[in-house]
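One line per chain: the protein sequences are Z and B, in this order.
Letter by letter, the first sequence follows residues 15 to 323 in my numbering.
Letter by letter, the second sequence follows residues 1116 to 1322 in my numbering.
Bear in mind the hints are in silico, worked out from the structure with no lab data behind them.
Small disclaimer: the values here were computed from a predicted structure and weren't measured.
We treat Cβ as the ideally placed atom computed from N, Cα and C, and that holds for glycine.
Hints are not guaranteed to be accurate.
Which chain Z residues face chain B? A few, computed with CB under 7 Å, are given here [claimed, not checked]: (1) Ile29; (2) Val33; (3) Gly115; (4) Tyr310.
Footprint (simulated), chain Z over chain B, 3 or more residues, beta carbon under 8 Å [stated by the list, open to error]: (5) 1150 to 1163; (6) 1281 to 1294.
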Amino acid sequence: MNFWDKLTKIDRRYIFIVVAIGVLMPYLFPMNLPVDITRKVAAIYDYVEALPEHAKPVLVSLDFDPSTAPELAPMTTAFVQHCFRRNIPVVAMTLHPQGPGLAQGIMARVAADMGKVYGEDWVFLGFKAGGSIVIRTIGEDIRQAFPQDYYNNPLDSNTLMMSVTNYKDFSLVISFSGSQIPMSWIAFAHEQYGANVATGLTAVMAADFYPYLQTGQLVGLIAGLKGAAEYESLVDTRLGHSAEVQKLALEGDKTAQKEAQLLLSTRSTSATRGMDAQSIIHMIVIFFIIVANISYFFSLRAQKQEGRK
Amino acid sequence: MTRTVPLVIAFLAGITMIIQFFIPHQFSVDFLAWMNRWALIILGFATLIGLISLIKINWSKVMKKSSNWGFSIVTLIAIFTTLFIGFVWGKEDGSPIQFEYDYVMMPMQATMFSLLAFYIVSASFRTFRARTPEATLLLAGAIVVMFGMVPIGKYIWGDIPGFAQWILDVPNMASKRGIMIGVALGSISMSLKIILGIERNWLGGSD
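Here chain B stands alone, though its shape is the one from the complex (with noise of 0.2 Å):
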C-alpha cells in the first residue's frame, strides 16, 4: 500500500499533465491551476520537512557525539538563532533578520565563494598540462576565452574579443547543443520510467 498509493499518484498525475500541455482548452487551463496550487502547498510542506529532518540530523549527531558534533551544534544555534529573531521582530529593512543576513550571512558566503579563486589558479597551475593534442587545444580555447572576457584582452592583440566570442558561439554552441540534446532525452526517459513505475529509487527504503 504505502509503495502502490504513491505510484499511481505519480502515474496519474504525470499522464494528465502530458495531456494538459496539448490542450489548450479552459478546462485544461483551469486544471493546470489547480495542479499548480497543490504542488505550491506540497512544496510548502517539502520545505517543512527538510527543515525537520536537518534538525533531527543534526541534533542526533550532537547527542551521539559523531564525528564533527561541533559543526552540528553551530548549525542548530544558527537555525534557532535566525528562527527566533524572524519570528519575533519580522523581516522588515533594518530588522535584526536584515543585519544577521547582511553581516553575518552575506560575509561568510562571499568569503567561502572568493576562496574559489585562489583554488583554480593553483588547480590549473598544477593540472592544466598540455599532455596529448586534444588537452592542447583545450588549452589555447581557454587562453583565448579568458583574455577576450576582459578588457585587458584587446590590449594585447586587438582580435581577441572577436576570436573568443567565436569560440563561444560556434565550437561551444556546437558541443552545448549536442549535450543539451542528450540530456533532453535522458531527461524524457528518466520521466516515463518514473511515470509508467518502472523507476522506483525516489520512493525510498527497498522493495
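With the rest of the complex left out, here is chain Z (with noise of 0.2 Å):
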C-alpha cells in the first residue's frame, strides 16, 4: 500500500479531531468576520420596519425541536427581539411536538429581557396537531384552533387576542423550521387567505425554498446561521450598538450610557459567534475533498501502472 492508498483509508478519528479542534478555535479565537446581508433577509428585516409601531400582531410559528434550534433558536430570537424593539406584539406558537418547551424559553426570555407584558405585547398559544389542518383553521378562526393559550387561559383573557380572529389580523406570518412545514404555511395561510408569509430555515433545507422567494409567495427568507447572523447584524445595525449610542456613552452622556447597557444587555450575538466555526468547518470539509481527490487520483494512477507491469 503506498502513500496515496494510506491516505484514501485515513482513521476517521483523525478527521473527527480536527473538526473538533476546528470547531473550538474560533470560540478561544473569535475572528468576527463580517457577515455580508443578502436581499432575501433583508426583504424580512424593512418589511417588519415598515410596519407602523404598535401594528397588527405578527404571528411566529417556532416550528422546530432542539435538533435544529442552534441555527433556528438566534434568528427566532433576533426577529422576535426585532418586533419588540419597534412595538409590534407576537402571538406565538408551535406546529412541531416537541417545540413548546423551546419555543416557550425563547418567547420569556426575550419578552422579560426587553420588558414586554404577557396577554398585551405577547401571546403563547403552544402546540396543537395537526400542521396543515391547524394553518387552515387559523385561517377560519383561530379560537377553534387554540380556544385557549399555552397556559390554559382562554383566548380573550389576554387583551392582545381579542382584536384577533384570523390571518387579516396578522401583519405578518413566520414560520422558523426545519421541516417542510412552512410548505403549508405558503399553500395555506399565503394562497388561501392571503396572508404575508415569511420563513427561517435551516441551511438545508433553505434550497427547496427559492422557488417560492422568487415567485413572491414568501416575503423573505432567514437560511441557516448564516441568515441568523444578517438578521443579527441588522438589528444590531438599527439599535446603533456599534456606532452612535456608544460614542455618546463614552463620552459621558448618561442617556446614552443607560441606553447603550440596555441595548448590550439584549444584545443577540450567538448566529454571528457561530459564523466562525462554520467558516472554519466549511474550510475543513474542502480541505479532506480535494486531499481526498488528490489522493484518489494518485492512488488511481499507481494502480494503472502496476496494471501494465
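Bring the two chains, given one by one in their own frames, into a single complex with the hints.
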C-alpha cells in the first residue's frame, strides 16, 4: 500500500479530531468575520421596519425542536427582538410536538429582557397537532385551533387576542422550521387566506424554498446560521451598538450610557459567533475533499501503472 | 364492512373537500370550518393512539426480552416520567417538565445533531470523488456554494458569494422546480387513487 492509498483510508478518528479543533478554535480565538447582508434576509427586516409601531401582531410559529435549535433559535430570537423593539406584538405558537418547551423558553426570555407584558405585548398559544389542518383552521378562526393559550387561559382573557380572529388580523406570519412545514404555511396561509408569509429555515432546507421566494409567495427567507447572523447584524445596526450610542456613552452622556447598557444586555450575537466556527468547518470539509480527490487520482494512477507491469 | 366504510368515508371526504375549495359561498366556508374541527379532533385521538401503540410495542418487547429490550425500558421510563411530572406539576416556566426539557432533551438532541458534522466531514472525505464529469461538476458546485455561504468565502475570492447565489438561484431553482412539479403531479395522482379507492394500503391488513 503506497502513501496515497494510506491517505485514502485514513482512520476517521483523525478527521474527527481536526473537526473538533476546528469547532473549538473560533470560540477560543474569535475572528469576528463581518457578515454580508443578502436581499432575502433584508426583505424580512425591511418589511418589519415598514410596519407602523403598535401594528397588528406578527404570528411567529416556532416549528422546530432542539436538534435544529442551534440554527433556528438565534434567528427567532433576533426576529422577536426586532418586533419588540418596534413595539409590534407577537403571537407565538408551534406545530412541532417538541416545540413548546423551546418556544416558551425563547419567548419568555426575550420578553423579560425587553420588559414586555404577557397578554398585552405577546401571547404563547402552545402546540396543536395537525400541521396544515391547524394552519387552515387559523384562517377561519384562531379560537377553533387554540381556544386557550399555553397557560390554559381563555384566549380572550389576553388583551392582545381580543382583536385577533384570523390571518387578516396579523401583519405577518413567519414560520421557523427545519422541515417542510413552511410549505403548508405558503399553500394555505398565503395562497388560500392571503396572509403575508416569511420563513426562517435550516441551511439544508433553504434550497427547497428559493422558488417560492422568487415568485413572491414569501416575503423573505432567513437561511441557516448565516441568515441568522445577517438578521442579528441588521438588528444590531439599527440599535446602533457600534456607532452613535456607544460614542455618546463613552463621552459621558448618561442617557446614552443607560441605553447602551440596555442594548448590550439584550444583544443577540450567538449566530454571529457561530459563523466563525462554520467558516472553519466549511474550509475543513473542502480541504478534506480536495485531499481525498488528489489521493484518489494518484492512487488510481499507481494502480494503472502496476497493472501495466 | 370494516373496509367498505372507511373507503366510502375517504371518497366522500375527498370529493367534498375538492369541491369546497372552488366554492367561495358562506355555506362552503362553514363546511370547511366544520371539517377542520373534525380533523383536529381525529388528530388528537390519533396522537393518543400513537402513544398507546408506542407503549404497547415497547412493553411487549420488554416482556418477550426481544433484541435491544433495554432501550424499550428507557423509552417506557421516559414516557411515564414525563407524563407524571407534566400532570402533577404542570408545564409553566420553571416547572420540572421545563427543567427536563432544558437539561435532558435539549442537550441530547443537540448532541445527536452535532455529531452529524463529524460524520458529514468523514463521509465527504470517503465518497465525494470526481469519478465522472457529472460528479466533477457537482463537486465544483458544492465547493463554490460552501465557500459562498460563509463570510470567509469572500476573502478567498470576492465574487464567490455572488457566484454561489447564482448557482442557487438559477441551476438549483430550475432543477427544484422540475422536482416540485413532478412531486405535485405524483401527489395528485396518489390522492385521486386513495379517494377513488384504487390505492388501499392505507387501510392496513390484507384484502
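- request: Mind listing which of the numbered hints don't hold for this structure, in increasing order?
  value: No numbers; nothing is violated.
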